[in-house]
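Each chain is listed here by its residues.
2 protein chains.
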Amino acid sequence: MKIDVINTAQEVTSKKVKGKTSVVIDILRATSVMTTAIQNNATQIIPVLTPEDAFQIKSKKGNNTILGGERNAELIEGFDYGNSPLSYTKEVIENKCLIITTTNGTLAIKNAVESDELFIASFLNAQATVNQLINSNDIVLICSGNNGVYTLEDNLCAGFIISLLNAKLENVDLTDSAIASLSLYQSTKTNVVKLASKGYHYNVLKSKQFDDDLTECFTPNKYDVVLKWNGESIIKAV
Amino acid sequence: MKIDVINTAQEVTSKKVKGKTSVVIDILRATSVMTTAIQNNATQIIPVLTPEDAFQIKSKKGNNTILGGERNAELIEGFDYGNSPLSYTKEVIENKCLIITTTNGTLAIKNAVESDELFIASFLNAQATVNQLINSNDIVLICSGNNGVYTLEDNLCAGFIISLLNAKLENVDLTDSAIASLSLYQSTKTNVVKLASKGYHYNVLKSKQFDDDLTECFTPNKYDVVLKWNGESIIKAV
Chain A
76 MKIDVINTAQ
86 EVTSKKVKGK
96 TSVVIDILRA
106 TSVMTTAIQN
116 NATQIIPVLT
126 PEDAFQIKSK
136 KGNNTILGGE
146 RNAELIEGFD
156 YGNSPLSYTK
166 EVIENKCLII
176 TTTNGTLAIK
186 NAVESDELFI
196 ASFLNAQATV
206 NQLINSNDIV
216 LICSGNNGVY
226 TLEDNLCAGF
236 IISLLNAKLE
246 NVDLTDSAIA
256 SLSLYQSTKT
266 NVVKLASKGY
276 HYNVLKSKQF
286 DDDLTECFTP
296 NKYDVVLKWN
306 GESIIKAV
Chain B
76 MKIDVINTAQ
86 EVTSKKVKGK
96 TSVVIDILRA
106 TSVMTTAIQN
116 NATQIIPVLT
126 PEDAFQIKSK
136 KGNNTILGGE
146 RNAELIEGFD
156 YGNSPLSYTK
166 EVIENKCLII
176 TTTNGTLAIK
186 NAVESDELFI
196 ASFLNAQATV
206 NQLINSNDIV
216 LICSGNNGVY
226 TLEDNLCAGF
236 IISLLNAKLE
246 NVDLTDSAIA
256 SLSLYQSTKT
266 NVVKLASKGY
276 HYNVLKSKQF
286 DDDLTECFTP
296 NKYDVVLKWN
306 GESIIKAV
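Here the protein sequences come in this chain order: A and B. This note's numbering puts the first residue of the first sequence at 76, with every later residue one more than the last. This note's numbering puts the first residue of the second sequence at 76, with every later residue one more than the last.
Errors might be hidden in some of the hints.
Same chains, same names: a pair is fine if it fits in one copy or spans any two.
Straight-line distance between alpha carbons at most 27 Å, and here's what the computed DSSO-like set of lysine-lysine pairs gives [stated by the list, open to error]:
1) 303 <-> 264
2) 93 <-> 297
3) 185 <-> 90
4) 135 <-> 273
5) 185 <-> 91
6) 283 <-> 77
7) 165 <-> 135
8) 90 <-> 165
9) 136 <-> 185
10) 91 <-> 281
11) 243 <-> 273
To be clear, the hints were calculated from the coordinates, so they are not data collected in a lab. Given the structure is predicted, the values throughout are model-derived calculations rather than measurements.
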């Protein structure tokens, strides 16, 4: 098995993902939100690039939908919820369709839809996702990044996933960027937050008093749920 | 001082480098060759994107020029020398102009010419370059990468340069990618080659029996020379 890491959504091309199993990571906070929503029995998640697309799909799908997401970490006008995983409780999301638009994570998913298989992961469901990945051929871990720029938190999660794959498999072949993500994760000696808290996006959220979100988003393996792209939306795979 | 790291030549844009001091790094082997050539008293180095450009400039500049570079780590037909720093001895290059074309390093330089100041660095002249950088405003370390892909060896050198800057300066503000490069370098505990030898490009060169080049390119601070872009070519700054 070969594992590659891509550092930003913008770098994802059809060529890089075709024939591969891709995993999209956007720790702060899109894929942490998605993991929580599916864990709490959302029927499906539809990622869209713009708020306008979200309103249009909601008008077709009717009332059993929730609009979620953010622009610059803030709630979008007319949306039901923002981009905090803590908002997506069972009471809110069970048996509902979540239509979501975020700055980076939804772009990464859109750019990766030509993958053979496409999973969505966060610290919250890393081990569960890895349990699905062990029978894959080649894997591309897609760090969504922040507006085209490398982010520590996504790469730390990529390194965490590689370390979990390494624990289960022999003969894992890592590209240079995958070696770097693994080294970065291993350098934290599992105290991921200590390093992540030096990062730009972490500090933006901290300055906006999203401390509880930060704790949540860096909680490893809280949920035993796997999220998969089915060609139209994200659903529970396991 | 803010320090950013860009991971590939392709990601360099005018916006990212304008008003900044940039440093181009291509350890295997363009900037190692350039450092050696200037150390051995090349009068100037002209980086060009294609062999055709190189021949054209040589025809204008006359006989006192050397054509150097590579395509896929091999000598280019009609060129004097390849991309081994060991080729560029005083006997070969002193008082000559080197016209060079390589796959990644020359593209990184071309994409960064709108920087306020533009330096060329390698492990060979890292400390000397850092001694010049300490009075700069914001710094962008440009890892050339390999055909648009992240490389370990360039990022390890970026991390080495940041560690040297940290030793000299207070209040260094690192972007996420700069934190990652520094962590990667620190994780090697200065045994850079141990980690770099897991990388793709290292192994390509090893398979082509360039072992002596690999030893040379990872030798830190061998030369006390600084290379600077003067708007037309690379010259000795100090």
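Results for each hint:
no.	hint	result
1	303 <-> 264	neither (30 Å within a copy, 39 Å between copies)
2	93 <-> 297	neither (31 Å within a copy, 44 Å between copies)
3	185 <-> 90	both (14 Å within a copy, 26 Å between copies)
4	135 <-> 273	neither (43 Å within a copy, 52 Å between copies)
5	185 <-> 91	both (14 Å within a copy, 26 Å between copies)
6	283 <-> 77	between (39 Å within a copy, 23 Å between copies)
7	165 <-> 135	within (24 Å within a copy, 74 Å between copies)
8	90 <-> 165	neither (38 Å within a copy, 45 Å between copies)
9	136 <-> 185	within (20 Å within a copy, 51 Å between copies)
10	91 <-> 281	between (34 Å within a copy, 26 Å between copies)
11	243 <-> 273	between (30 Å within a copy, 21 Å between copies)
The structure shown violates the earlier hints numbered 1, 2, 4, 8.
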